[in-house]
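Letter by letter, the chains look like this.
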Amino acid sequence: MTRLFASREALLAGVIALLLVLIAFRFPGFVTPANLASVFNDTAPLIILALAQMIVILTRCIDLSVAANLALTGMVAAMLNGMGVPLALILCGVVMLGAAMGAVNGLLVWKLDIPPIVVTLGTMTIYRGIIFLISDGKWINAHQMSDGFKALPRIAFLGLPMMSWIAIAITLGFAVLVGRTALGRSFFAVGGNPHAAVYTGINVGRTQFAAFVIAGAMAGLTGYLWVARYAVAYVDIAGGFELDVVAACVIGGVSIAGGMGSVGGAVLGALFLGIMKNALPVVGISPFWQLAISGAAIIIAVAFNARQGRAPGRIILKEAA
Amino acid sequence: MQPHATGAEPSAHPDPVLRLSGISKSFPGVRALSDVALELYPGQVTALIGENGAGKSTIVKILTGIYQPDAGVIEIAGVGTHFPTAQAAAKAGVTAIHQETVLFDDLSVAENIFIGHAPRGRFGLIDRAEMLRQARSLLARIGADLDPATRLRDLGIASKHLVAIARALSIDAQVVIMDEPTAALSHKEIHELYELVERLKAEGKAILFISHKFDEIFRIADRYTVFRDGQFIGAGRIADVTEGALVQMMVGRSVDQIFPKRAPQLGPVLLTVAGYSHPTEFADINFSLRQGEILGFYGLIGAGRSEFMQALFGITKPSKGACRIDDKVVVIRSTTEAVQHGIVYVPEDRGRQGAVKGLPIFQNVTLPSLGRTSRNGFLRLAEEFALAREYTQRLDLRAASLDQDVGLLSGGNQQKVVIAKWLSTKPRVIILDEPTKGIDIGSKAAVHEFMAELAGQGLAVIMVSSEIPEVLGMSDRVIVMREGRMVAELTGDAMTPEALVRAAAGIPAGVAA
Amino acid sequence: ETKRIALVVKALGIGFFEAAAKGAEEAAKELGDVEIIYTGPTDTTAEGQIEVINALIAQGVDAIAISANDPDAVAPALKKAMDRGITVISWDSGVAKDGRQMHLNPSSSPLIGNMIIKLAADNLPEGGEVAVLSATSTSTNQNTWIAEMNKVMGNYPGITVVGTVYGDDLADKSYREAQGLMQTYPNLKAIIAPTSVGIVAAAQAVTDAGKAGQINVTGLGLPSEMAGHVKSGASKSFAIWNPIDLGYAAATIAYNLSNGATAEAGGTIAMGRMGDVTLDDNLEGAMADPFVYDASNVDEFASIF
Amino acid sequence: MTPSYRVIPDRLVSPFAKALKSWESLLLIVAVAIFIANALASPYFLNAWNLSDATFNFTEKAMIAFAMAMLIIAGEIDLSVAAIIALASTMMGVAMTMGFGTPVLVLVGLGTGLACGAFNGTIVARLGLPSIVVTIGTMSLFRGISYIILGDQAFTGYPADFAWFGQGYVVWVITVELVVFAALAVAFGVLLHRTSFGRQVYVIGNNPVAAQFSGVNVARVKFILFLLTGLMAGVAAVCLTSRLGSTRPSIATGYELEVVTMVVLGGVNILGGSGTIPGVVIAAFVMGLVTFGLGLLNVPGIVMSIFIGLLLIGVIALPRLWAMRRRRA
Ligand SMILES: Nc1ncnc2c1ncn2[C@@H]1O[C@H](COP(=O)(O)OP(=O)(O)OP(=O)(O)O)[C@@H](O)[C@H]1O
Ligand SMILES: Nc1ncnc2c1ncn2[C@@H]1O[C@H](COP(=O)(O)OP(=O)(O)OP(=O)(O)O)[C@@H](O)[C@H]1O
Ligand SMILES: [Mg+2]
Ligand SMILES: [Mg+2]
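Chains as they are written, first to last, in this note's numbering: chain A, 19 to 339; chain B, 1197 to 1709; chain C, 1144 to 1448; chain D, 6 to 334.
Treat the hints with caution; some may be incorrect.
Listed below are several chain D residues computed to face chain A (Cβ distance under 10 Å; list not exhaustive) [what the hints assert, rightly or not]:
(1) Pro135
(2) Leu146
(3) Ile150
(4) Asp157
(5) Leu315
EDC-like, lysine to aspartate or glutamate: derived pairs with alpha carbons at most 20 Å apart [as the list claims (entries may be wrong)]:
(6) B:Lys1409 / B:Glu1296
(7) C:Lys1223 / D:Asp166
(8) C:Lys1354 / A:Asp165
Don't read these hints as lab results, they were simulated from the structure.
Quick reminder that beta carbons are idealized off the backbone N, C-alpha and C, glycines included.
Only chain A is shown next, with the shape it has when bound in the complex:
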């Protein structure tokens, strides 16, 4: 009973439920299933990238280039589409291109031992710059994209668009990866105690590399989804999104120091932010208040999480226990 309550995921889920109740009070239309489905769909990219970022953070790294990676693969997807490349090939292409960009990050971290925040700060600007170079700074608009290209994330299945299903599938995939595979467990080991990981025969650098590659692949896939969904590609899409992604992870209880986090937490963290973002304009709060409120929400959530996560400590005195 206390265990259930203490678990951060349950608590966060409770906060989200409370948030929904409060919103419903002001604006009942928000909590209709159709609208909640649309909020979930809107949050799908954030969920996918929060999961990707989570495994990177688990290994004591951080990937600030996810949004730039997303934008670049999105642009490439739109350009390939413009050249008439079939959608299936584009999908393979974006995942591979994203993974390749993740691999660049990973190699710099692994082989040259450069701190991940520096590597991805650098590649973040480089990837964005490359978009400008390949697109000449021009936008690719809806009318320059084929209908099939734009349709995939929108196809409805059992009442949910494909984009939501993809997010759900990826969530399940991550649950298996993180909980049941050797690689998944080694993410925790590497982040929890890199020094000890070496002694247990886990190659720290290679594990971090793997996390970056997976994160890159996810960013690549999201790049296509994003561009197809919003039907536009240009240099600045998803600008600053990397910070939302990190915020989602942290709200979800992923420890920025590595080694601690869960799939459920990351997903809930993303949903929390997604609901905040969608709900504020709906309940009629002036757009100028949005930024301050979400900032305050992040701080409160983090403070709360830290309080939850604080180790109770050993208890030596017998009767005090």
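Knowing the structure of chain A, use the given hints to seat chains B, C and D with the ligands on it.
Relative to the frame of chain A, chains B, C and D with the ligands by itself:
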């Protein structure tokens, strides 16, 4: 007895399972090993002996694939091999309990044991149930009463060490290496470990045992190998050698192992602690301490001695109680205030709490004395060097220069830097928490000498130690703690090993200890 | 000696400004001795434009024609440019009066303000709720047009503006803001987006919500980007002036000013094939009337800009 | 005890030899190379007035970078600095509309910076939350307050003498901002490298637990560092507001990453524990030279940022690649 300089043995013995020869290893600025040899035999325990920084842990790391030797040959059952990774070493049948606990706080006990080689089920996914089952049987085998599903963070330090041992045994190995395995264990667990070593011997495993404690070396080892300053000095059978001869080989000179004799000159009461209590860690600690006195604190690991000392030093806050210095009540809310009042604490966990790795030796030493080596907040380098030189040389520090990174020193030498750091502040009360843990015999004597000297100068010394000879040899008075409470205060003739063990373990008088 | 005229835009890569650059090049060809430097920051910030302006001053260009991200913040830098003998005008989105010699509005602001609400009202004979999707909250021209629109609301009884949101000229943000509008105001009948980025995003959001035909997206947009949405019914009509003409006119005015023409209240400046512009007391002038596009003519212009 | 101690030398490598082989020397070579390349690439580069204008590309960011460098060396980070500029600038605008003169405006700007720094410092140092996350939150919070106050409005019409900070010259081409920058560089250099406070910063960055166990008041030092960073953001806000002559809530967007880039390029270890102020000063010039030089060639800003990104990774990666090759050879 003359030790065999070559390590070669009469043919009555079986062939070595593992033979190292001509191994050399250098780090930037340090030659950790040069041309050393080591042989391990099945069913025998070989003790590796040497001073701090002799290269013992380095050879362990070479044997487990963490470091690559610059030169030399590793042979297993007569076949040359090499270990590019830790996994390669495990596959070749070499497993180790390392000097530092190398575990993962946020994983479960079972996962800690099996990380890297977890049992697999369908689709190559980890089979959790099987992993828990195997972990349970391994823990039972070493007599550890632990739930394999517990998060490691929730365990005490001794239990963590047992997990490390279980992990080493989870690998089916011919060669088991133990690098100072008893340093963090209490009385009871040490005995269980000895039994385990006996069982492993009976199973025909070759064991490499590293320790600074001679009593245990003579108790469990069959053979010895001695290193000094990265050189091979000798090897042979324990039965053929005396303790004095081993020490001689180890330090290159004879060492007086007797605790310094002193006639304590007790001054007025300096420190009084009354009713110190913490909500969960310790309760109702009362004592007073005189100038020139050495007060020992004995207890089993986890008795709460460190917790109490850290509260006295301002790291954690007590909930109740008062502390008086020179009969004036002082409130210590932070370490800064403790230092201002002349109380200093040499921590037990030198890697985390003591040394600032990444900074040079001299900056470590002068850290708490910056007020003295600076003027109006501006640093004066020459004074810093002078201060650092004075105290490190007195402790016989082995370092290339005072500008060297502390992180590059061996464990024992790091401890010396930490002690030097506190002595340089000219404190009034010095608390030493396990001051000689992991320190070689020569330096140990130096530390003891120093403690006596400090007391002679009128300092009040508190020494936390789990080594009975040290406690008895050094202290004027001993307080025993158990489960967060003071259970005995012994002086004079009452200070016997039996009394200490009984009080610490909670065995009432009359029952056999 | 050739005149070097810098056309500084809000951000590179936006279709509208690319078209304006085409117009400026056309003017350069016509004038003969002119080199156009098409430049701007890569995101719509005033600080970025200031760095660009500093670099242009250093190169000693002859004239700067700018569409400003912030009317006040760029003014000191432009003043410095004028001090060093550079001709400075603003066009499209203006600069504070003392930071430029004149400002060229694409059209007159009252006309545009009236136009955007009229486009919405013409399709709402029974009246109803409309909302505005703007660019950044600091965008001068957007704010002026919306203010002008509010002044004439009295002429359109039955139409109520229920809210204004800001998409920051980012496609994804505009899309989400449009979604938010639809959720907040279930009876919404039209979204007015006087920005080429916002109008496309809003049309896409309306289409995705399955409300094409129910909610009319209108405002200012480029025919090439809007053609599809006009066909799908998400947008019945929209307006724009010709950005090519605008770039052409800005370049010509800059050329003339740097060749000795003067900008004074009540005076006129020649704009080549676009005729003359007359300046008001604020030293502002309007180029031409906005032009309305709908299903009947959008395809014809989609291939041009 | 034996009186004959083993003698340990103070140093094996002289500080001068160390400096020669340091990151700063490498960076200085890069800076000189970029300077020469710029001079060759554009005829407009070697002009006193143009070079003076070019300093505006980095002075304000560099002021923050000094404090940020110390914060990062101590193992923390402040991503809210740009938002602090926005809030400080907004507060100055509010004071201006209330009719206060330049001295009060400056005090308000600095005071807001200090207050924001104190807010970050309290949360991070007292509550022990990770600074990277906390300041991502305050980044939205501070700028959000600006938006609440200003909405779609702007503050303009600052007093004429207020323009001195961002547009004034001390003598000839030497701007007020450049002088402020130089003075702060010296002050921070002394603070970090010559005082016991600076030493404590390094200690905390290397091992905060050991620092506490050595009597260092870790929370206080961290709090002061956040305060300093906030103050410097306030100084930058005064300069930037004065230079722009107006305040919008979107002012200084994206500065935080440029400041961090400058600090890291300057050789500060992002993980804490090492770095120098001279390194940051050189890095500021390098970034200013790159952006200005490329600006003269009308290269778009985003392409410049590719150069900065490559520089950031390249300057760290190349020496390591070189060392790896040598080891293999
Ligand atoms: N990673 C390293 N980098 C540089 N020097 C090292 C490194 N590891 C060990 N050394 C040096 O190698 C020498 C041998 O160290 P080692 O840890 O093997 O000593 P040890 O015999 O285990 O000592 P102790 O009894 O204190 O544990 C020491 O001088 C130490 O400073
Ligand atoms: N489960 C644990 N988690 C974290 N730290 C621990 C744990 N167990 C022990 N420690 C740390 O290890 C050290 C051991 O202290 P503890 O209170 O257990 O024993 P003690 O009676 O003080 O004696 P000793 O010094 O012999 O260990 C302390 O510094 C304590 O903080
Ligand atoms: Mg060792
Ligand atoms: Mg202890």
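How the hints compare with the structure:
1. With 10 Å as the threshold, the beta carbon of Pro135 of chain D comes within range of chain A, its nearest partner Cβ sitting at about 5 Å, so the hint holds.
2. At about 3 Å, the closest approach between the beta carbon of Leu146 of chain D and any beta carbon in chain A falls short of 10 Å, and the interface hint on this residue holds.
3. With a least beta-carbon distance of about 5 Å to chain A, the hint placing Ile150 of chain D at the interface is held under the 10 Å criterion.
4. At a threshold of 10 Å, the smallest CB-CB gap from Asp157 of chain D to chain A is about 8 Å, leaving the interface hint in force.
5. The beta carbon of Leu315 of chain D is positioned within 10 Å of a beta carbon in chain A (closest approach about 6 Å), and the interface hint is therefore held.
6. Pair hint Lys1409 of chain B plus Glu1296 of chain B holds up; C-alpha atoms about 17 Å apart against a cutoff of 20 Å.
7. Under the criterion of a C-alpha separation no larger than 20 Å, the hint pairing Lys1223 of chain C with Asp166 of chain D is consistent with the structure, at around 17 Å.
8. Only pairs whose Cα atoms come within 20 Å are accepted, and Lys1354 of chain C paired with Asp165 of chain A is accepted, the gap being roughly 18 Å.
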